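Q: Letter by letter, the chains look like this.
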Amino acid sequence: MVVKGFTRRLRPLELLTVDQVQEIRASTLSVLERTGVRFESDWALDFLKGNGCDVDFQNKRVRFPPGLVEECLRKCPSTFHLKARDTQNDLQLGGCTTYFSNAAAMNTIDLDTYVPRPATRQEFIQYVTVLDALEYFHYHNCSPYFGFKDTPSIMCLPEDLALRLTYSTKHTQYCSSNDSEVFHIKMLKAIGTEGTGALTASPPLTWYGDQVLQARRSIEAGFPVSTCEGSMMGATAPATPVGSVVSSSAEQMAIIVLVQLLHSGHPIAVGHSSFPMNMSNGAPSFGQIDASISNVLFNQVWRSYRLPIFNWTPGFSNSKRMDFQTGYEKGVAGVLAALSGADMIFLYGCVSSEIAAHPLQAVLDDDVAGVIGHFIEGTQISDETLATNLIDEIGPIPGHYLSTAHTRKWWKIVQFLPKVADRLTYPEWEKTGKKSCIDYAKLRLEEILKTHKPSKLLTENQEDSLRQILEDAREYYKKKGMI
Amino acid sequence: MLDEEIFGNLRKSILTYDAQLALTSSKQGVEKGIDPVKLLDAMTAAIREVGDGFGRGKLWVPDMLAAVEAMQSGLPIIEEEIKKRGVRREAFGVAVVGTVLGDIHSIGKTMVAAFLAAGGFEVHDLGVDIKAEQFVEAVKSYRPDILCLSALLTVTAPQQKTVIELLEKEHLRPPTRVLVGGGAITEEFAESIGADGYEPTAPAGAKLARRLVEER
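Heads up: the sequence lines are chains G and P, in that order. Count along the first sequence starting at 1, add 879, and that's the number in our numbering. Count along the second sequence starting at 1, add 489, and that's the number in our numbering.
Incorrect hints may appear among the rest.
Covered by chain G, per the in silico footprint, the following chain P stretches (three or more residues, Cβ under 8 Å) [unchecked claim]:
1. 553 to 565
2. 588 to 600
3. 685 to 693
If you're looking for bench data, these hints aren't it; they were derived computationally from the structure. For clarity, every value in this text was computed on a predicted model and none was experimentally measured. The beta carbon of each residue, even a glycine, is placed where N, CA and C say it ideally should be.
Assemble the whole structure, with the sequences as input and the hints as a guide.
A: Here it is as structure tokens:
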């Protein structure tokens, strides 16, 4: 069974003419052919050379023939299946479906002071539990937090995946660092599921060896992959959103070529993450509308290649609190990503850019995802929804629609009911303690933590396997002197 | 048809919002000579079930209204029989509702009537654009425990005061308690005109009405 997600029934938002899309595509191919992409992997240089690319071994630069790039793009499937630990949570990526995921952060945050601090293992588990429980959350990003207390940093990625697999049955992505993907893949296989291997470029125009290994190992495992870059407009990408789309697209196409040459037709999603730089302090301007402009351009161009598209930036806000700015930055970015055809939107959980995340914010974001999803699913037009017969039957005042079967049937279909928004009248609000959406979110969070259990628990054998693989990982990193 | 079937259909008619079934079953019950008070009790019990569902967040305003409308389609036949037999209908309380003079907004008032009915009240809905004198006549005639006055517009809100003043002049208040509501009304306004209570929503208004009757 596949989670339905949200079906986009609207014509996608477009900022470019057909000619402009062609111009961006041609410019990207030209960058790949003329400038090329650096691969910090001797294996990749040899492999790409052997497959018709022009390789400058001294500078580790690979230049791609446009025909090869286009051929590899054509080989990419436009939709593919993502298996989850509980098959009820499987996803069908691509087509007209939008799913939601979380944005990863370094720390948790104190809700009274908004001071970030490292999460404990228990807080990590709680966050995963909440993500597992939330209705519109479909896909785990690599890490809710980049690590947690009392765990050697090199073990954070494997420990993190083990906890996600234990406390959630939703599909999960996995990162790679210092061969961690070897253990990730083993864990996923040990419990009979699959994950998506995240391939991250290093802009401008560079792929490091660990990402190439991640691609090779994921392909060998038969797992889908996703790509992303993470650039800063004006620093690691051109300052113009359209320029950032060209450089980002070139980076992604380079790895797509490698993936498709390794395994023709391998499932791959293409991601975009480009923030403008704050020119007064040199930091990324998280949540700024320009990141969304870049997403909308990227999505329009990549829709023409018919690959599933991930948008990574909507989950980030520059606000340090759960406040109005966080709400509008995430909301607007999420809407624009969905309207322009993103298949996966990384929206949940982050507060204070990527410095912190908190399950309370994820609870709030679940409403935002619901609102966005409800909007993109559009309106049904039929005799029943047009309701002309009903309008005729009810007529003018004193007629009303309140007690009709039509109202009873349709209001539940056409209205979205947010779970933690304040929807009270003023006097009700005043009488019930003047609660805000954050207060309601706290109540929902409390309830989830009290009651939620994953739809499927791991068997003892599976738990033992995960423990053994983690032990193997510890031994491996100890031998390498990393613990 | 067995008596049990008739009682079952009356209950079903309310729970499935089937006005036609409510009408037919009421007729069948009366024609078969079943005690009309028992027929009414069956419907009242069903409407309370709907009210409980609303209270638990399982049912919604449109469900409440549809259930009450179904009940109202059978009610006149049963009430007529009760009158004919000279027995008294045992309701939790009696309520009269209406929208004041100059105001033709009916939705809020209709919802209040529905929630009162679901709360066990015998409800007399006078309709919209009702003069103060008409409210007073209704109070004299039905002797309600509760009179609910609705006004959506700021310009019609003072009519609630006119009704209250007229009731006092006629020494009808107490025993009738006056609740006010509607978009134009606030707690402060309600206090300033001497109303016995105000609630911003229909469900809360019906709860307040029950409380006032219980406090007697």
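Q: Next step is simple, just say for each hint if it's right about the structure.
A: Hint-by-hint comparison with the structure:
Closer than 8 Å: that is the beta-carbon criterion, and the stretch 553 to 565 of chain P has 4 residues meeting it against chain G, so the requirement of 3 holds. Here the stretch 588 to 600 of chain P counts 5 residues with a CB under 8 Å from a CB of chain G, which clears the bar of 3, and the coverage holds. Counting residues of the stretch 685 to 693 of chain P whose C-beta lies closer than 8 Å to any C-beta of chain G gives 4; at least three are required, and the coverage claim holds.
Violated hints: none; the structure is consistent with every hint.
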